[in-house]
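Novice: The residues making up each chain are set out below.
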Amino acid sequence: MYNILQLVLKYGAHLLFLVLEILCFYLIINYNRTQKEIYLNSSNVYSAKLSSQTNRLNQYLRLHDINDSLMYENASLIENIIQIEYSNLNVPEADSLYERYNLIPSTVCNSTIHLRNNHITLCKGRREGVLPGMGVISSSNGIVGIVRNVSENFAHVMTLLNSQTVISCAVKSRFGHGALVWKVEDPLRMTLESVPKHSKIAIGDTVITSGYSTMFPKGIVVGKIEKFSIPLGSNNYNITVKLINDLTAIDYAYVVQNRFAVEQLSLENEVPNE
Amino acid sequence: MNNIIIKNILRSLLIVMVQIMIFKQISFSLSDLAYAHFLIYPMAILILPIKTPRGILLMAGFTIGLIIDVFYDSLGVHAAALVFTSYIRNLILAFLEPYEGYNTDDIPTFKKMGSGWMISYLSIALFIHCFLYFSIESFSYVYFFEIFLNTIATFFVSILVMLISLLIFRPKY
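Chain order of the listed sequences is F and P.
What the first sequence shows, in this note's numbering, is residues 3 to 276, in sequence order.
What the second sequence shows, in this note's numbering, is residues -15 to 157, in sequence order.
Hints listed in this document are in silico derivations from the structure and should not be mistaken for laboratory results.
A hint or two may mislead.
[As the list claims (entries may be wrong)] Below, computed lysine-lysine pairings styled on DSS-like, alpha-carbon distance capped at 25 Å:
{"hint": "1", "chain 1": "F", "residue 1": "K12", "chain 2": "P", "residue 2": "K8"}
{"hint": "2", "chain 1": "P", "residue 1": "K8", "chain 2": "F", "residue 2": "K38"}
{"hint": "3", "chain 1": "F", "residue 1": "K199", "chain 2": "F", "residue 2": "K185"}
[What the hints assert, rightly or not] Chain P regions said to be covered by chain F (calculated; three or more residues, Cβ under 8 Å):
{"hint": "4", "segment": "34 to 41"}
{"hint": "5", "segment": "54 to 62"}
All C-beta atoms, glycine included, are put in the ideal place defined by N, C-alpha and C.
All chains, full assembly: derive it from the sequences and hints.
Specialist: Here it is, written out as structure tokens:
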């Protein structure tokens, strides 16, 4: 009590000043129309500003969930695109289990880009249905690689930028197909080999997956032809493909689950390679 | 001592009455840009003795401002400005303190403090008061340009009236 009294005695004038000013502003706001309107108006403006800022912060905190839901939505959209590609074939489906391809969305945990054999690690594994041999496609466009090894919660993916990657690709609406391999040390360019030279191609043609493997469905865009040549004495083109996606900056990817992969592979393996 | 207090109170009341009865009627506009009021009532606070306690200054400022407000029909605006002016009066005095410091019985007059000191003291205080008054009146810094013009116009006419009246009446306490 004594301390409070001392405080009042020491800072009495300042306290009195504050009290009087507050009293004055109370009077101003309550008994003058213009000032009252401005006060109410601006307090509304400030409270609206505050609530919009709070909203933005909340949205930022929810970004992770939003991203996840967008990832699933993207997966179903890409599934639809694949379905449309197959429905154009006019081949009647054998049964009602029409959806041959299923996408598993995943985030990328780890990636290398500077090595001779590059890999990425996905944050989903056997528990979510990822198995070795499945293809991985990119969230925007283009393909990423092939699953090589899985654990319970992670999948090790051999990317396109790997000397051992060979992916069956074709040039869109042209004849023939070839093998996509990575030769140069440029992470944006790959080489398409063994496209027969009687197929007419042009610079700028789109390179798509051929659908001849169990890993990738037909028609996923891989890149564009940047330049091509026919080596002396060869029957095939040597095509440089500029990739449509940048594998050095990749955050999300989709694992392609092929429902008939096991069946197809077991059938093909019945006859031994001669 | 009591005599001085009573005389100061009466003088303050006189200033307030002059403000209400005469200077409230006069105000002129400068080509639509700004209008000049005569705000001479801050003088009632400013010419109180230098060693007046801060609490008394604040109460006096509040009372005078409120009386002015009742007649100007703007409850609280003049009072808020005048309370602030009373509050910073000591700061201005400290800023203008002569080398020897103030005596206990000093009062701000031309005779005691000199005309240079007096003019700068009144000018600083009155300019701050005018600026505060117009700020609180418009209550929003959207009108900053208008506030500034009004402050300058009002400041010049008011300081003129103040100096002339102080030179004519020459208060002794």
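Novice: Test coverage of the segment 54 to 62 of chain P by chain F using CB-CB distances below 8 Å; three residues minimum.
Specialist: holds (count 4)
Novice: Taking 25 Å as the top limit, are the C-alpha atoms of K199 (chain F) and K185 (chain F) close enough?
Specialist: 20 Å, holds
Novice: With a cut-off of 25 Å on the C-alpha distance, tell me whether K12 (chain F) and K8 (chain P) pass.
Specialist: 39 Å, violated
Novice: Is K8 (chain P) within 25 Å of K38 (chain F), Cα to Cα?
Specialist: Between K8 (chain P) and K38 (chain F) the Cα gap is close to 24 Å, so the pair holds against 25 Å.
Novice: In terms of beta carbon proximity below 8 Å, does the segment 34 to 41 of chain P have 3 or more residues touching chain F?
Specialist: holds (count 3)
Of the numbered hints given earlier, the model fails hint 1 alone.
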